[in-house]
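Participant: Using the sequences provided together with the hints, build the complete structure.
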Amino acid sequence: MNGQPGPKLSELLRMKSTDTGRVIDCFIRQFNTAHGNPSAERWDILKEEWQRYEFLGDRVLNLIVARTLFTRHNRLLDEGEMTKILSSVVSNQSLSAIAGRIDPVIFARLIPAEIGEQKTYGDRIIGGAFEAFVGALYCEAGFDDVACFVNAIMEEPLDHYDPQGNAVGLLQEYYQKQGKPLPEYDLIGRTGPDHRPVFAIRVTTPDGRTAEGTGLNIPDARQAAARAVLQDIGKGKS
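Numbers in my numbering are just positions in the sequence shown, counted from 1, shifted up by 199.
Treat the hints as calculated values from the structure; they're not laboratory data.
Any given hint could turn out to be false.
Estimated spans, in silico, between C-beta atoms of each pair [claimed, not checked]: (1) K283 <-> P237: 16 to 26 Å; (2) T409 <-> A233: 38 to 48 Å; (3) P392 <-> E247: 35 to 45 Å; (4) G378 <-> T232: 43 to 53 Å; (5) G388 <-> N350: 10 to 20 Å; (6) S286 <-> K207: 28 to 38 Å; (7) D343 <-> D385: 30 to 40 Å; (8) D343 <-> G279: 25 to 35 Å; (9) F342 <-> A312: 39 to 49 Å; (10) R266 <-> A312: 31 to 41 Å; (11) D224 <-> Y374: 29 to 39 Å.
In silico lysine to any residue, SDA-like type, Cα no more than 25 Å apart, as pairs [unchecked claim]: (12) K215 <-> F342; (13) K246 <-> E354; (14) K283 <-> K246.
It should be emphasised that the depicted structure is a prediction, and the values quoted were computed from it without experimental measurement.
Virtual Cβ for every residue (Gly too), placed ideally from N, Cα, C.
Facilitator: Structure follows, in structure tokens:
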């Protein structure tokens, strides 16, 4: 992108009370007007170009969160602690959970039609959309404005990071240490009324373990499934 950053987008990125929906809407409108179909409801971009932004956004996101960990926390974190927190909060699972808490429908607009138009996406696609969005915002508005936006979104995950309470993160770390692929999470059901749905998630690990969990939102159901696997692993060790 070679155009100058629109003042409205820059202003939205710097708002203390972040309205992610307005930021995404403004970004899509601005990008599509300059580079795609202005009337498109979702980000009008080719898959290959989207993946290039994903690559860039991954690096930008890691730098922003790493800088925040280094400078903001009121206690000194050593290199190992910062690495563990960073790895957890910028993982595809974490980014997907953040998107789910904000509004998964809004984030789906950042996924190119070429990848597929559907109601739900896996963690890898949602996480990739998050990263591609950050990469494109960096090109459009610059590092400082994007850092304001990312820090606002990441404030709660960083403040409430609890390695003992993050079952998904602990399970991921368990298999990473063995050099194995990450567990996969699949939405297998949704019950209850529209105003209070209950989601069911199945987790499958690289060594063949499976477990299911339920929750009032997808992130909570994923945590429940991960806890069930961790309990199974613990029984196997005893």
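Participant: Against this structure, judge whether each hint is valid.
Facilitator: Hints and how they fare:
| no. | hint | result |
| --- | --- | --- |
| 1 | K283 <-> P237: 16 to 26 Å | violated (44 Å) |
| 2 | T409 <-> A233: 38 to 48 Å | holds (46 Å) |
| 3 | P392 <-> E247: 35 to 45 Å | holds (42 Å) |
| 4 | G378 <-> T232: 43 to 53 Å | holds (46 Å) |
| 5 | G388 <-> N350: 10 to 20 Å | violated (36 Å) |
| 6 | S286 <-> K207: 28 to 38 Å | holds (35 Å) |
| 7 | D343 <-> D385: 30 to 40 Å | holds (39 Å) |
| 8 | D343 <-> G279: 25 to 35 Å | holds (29 Å) |
| 9 | F342 <-> A312: 39 to 49 Å | violated (29 Å) |
| 10 | R266 <-> A312: 31 to 41 Å | holds (34 Å) |
| 11 | D224 <-> Y374: 29 to 39 Å | holds (38 Å) |
| 12 | K215 <-> F342 | holds (17 Å) |
| 13 | K246 <-> E354 | violated (30 Å) |
| 14 | K283 <-> K246 | violated (31 Å) |
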